[in-house]
Amino acid sequence: MLEAGNIFDDSEIKTELFTSLNKNPLDSNCLKPLFECIKNAVEKVSTRKPDGFVLFIDEISLLVNLGASLPAISSFVQQCYTLCAKLSNIPGNLLIGSIIDECDSENERLINYLTYIADINIKLEGLKTGYSKETDGKISIEVKNKSKCISSHQKQLFKVTDKGTKLLPLGI
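When we follow numbering that gives the first Met the number 0, the leftmost residue of the sequence shown carries the number 0, and every step to the right adds one.
FYI, nobody ran anything at the bench for these hints, they're computed from the structure.
Ideal placement from N, C-alpha and C gives every residue a C-beta, glycine not left out.
Each hint should be verified, as a subset may be incorrect.
As the list claims (entries may be wrong) - Beta-carbon label-pair distances, calculated as ranges: (1) Asn28 / Ser151: 32 to 40 Å; (2) Glu124 / Leu61: 16 to 24 Å; (3) Glu42 / Gly125: 36 to 44 Å; (4) Thr46 / Ser131: 45 to 53 Å.
Stated by the list, open to error - Once the Cα atoms are required to be at most 27 Å apart in a straight line, the calculated DSSO-like pairs of lysine-lysine come out as: (5) Lys132 / Lys143; (6) Lys147 / Lys158; (7) Lys122 / Lys165; (8) Lys85 / Lys127; (9) Lys137 / Lys85; (10) Lys31 / Lys48; (11) Lys132 / Lys162; (12) Lys143 / Lys158; (13) Lys122 / Lys158; (14) Lys127 / Lys165; (15) Lys85 / Lys132.
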């Protein structure tokens, strides 16, 4: 786990996290030890009084693959959101990443849920035609304004280079 730029390894925490999933993955509290671990890390960070923090969950669909139910994952996401928005004394942002697997109905339902609750959706797609020298894929960005019930959409092509990423307008 990465906490405030430092990697720490605690086999006791790992055992507890996987034991709770193995006991009853359909229980909506099966991810509570994972949330408590994250909450403790956020509390450690908040004692240093930073301007803010980002809680980044990379590849949340792994929880589906490990057997956690969608209600358990949605409860976990809500707890993380509440932690970022209200529980800590510093502002936080929740960033969740996932790979879309259209062949897996559980994964598709999870993605639909995350898309619904998110304020900003960023979707990266490879080229449908295959390889190109000019571009690597398409990026779609949707920004929701829930108070006005509107959203704005932007689509661009992107090219990854050695020094970063270039955004290109569609139609090139």
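Hints, one by one, checked against the model:
no., hint, in the structure
1, Asn28 / Ser151: 32 to 40 Å, "37 Å, holds"
2, Glu124 / Leu61: 16 to 24 Å, "21 Å, holds"
3, Glu42 / Gly125: 36 to 44 Å, "39 Å, holds"
4, Thr46 / Ser131: 45 to 53 Å, "49 Å, holds"
5, Lys132 / Lys143, "33 Å, violated"
6, Lys147 / Lys158, "34 Å, violated"
7, Lys122 / Lys165, "16 Å, holds"
8, Lys85 / Lys127, "42 Å, violated"
9, Lys137 / Lys85, "35 Å, violated"
10, Lys31 / Lys48, "26 Å, holds"
11, Lys132 / Lys162, "16 Å, holds"
12, Lys143 / Lys158, "26 Å, holds"
13, Lys122 / Lys158, "15 Å, holds"
14, Lys127 / Lys165, "19 Å, holds"
15, Lys85 / Lys132, "46 Å, violated"
The structure fails hints 5, 6, 8, 9 and 15 (numbered hints given earlier, in ascending order).
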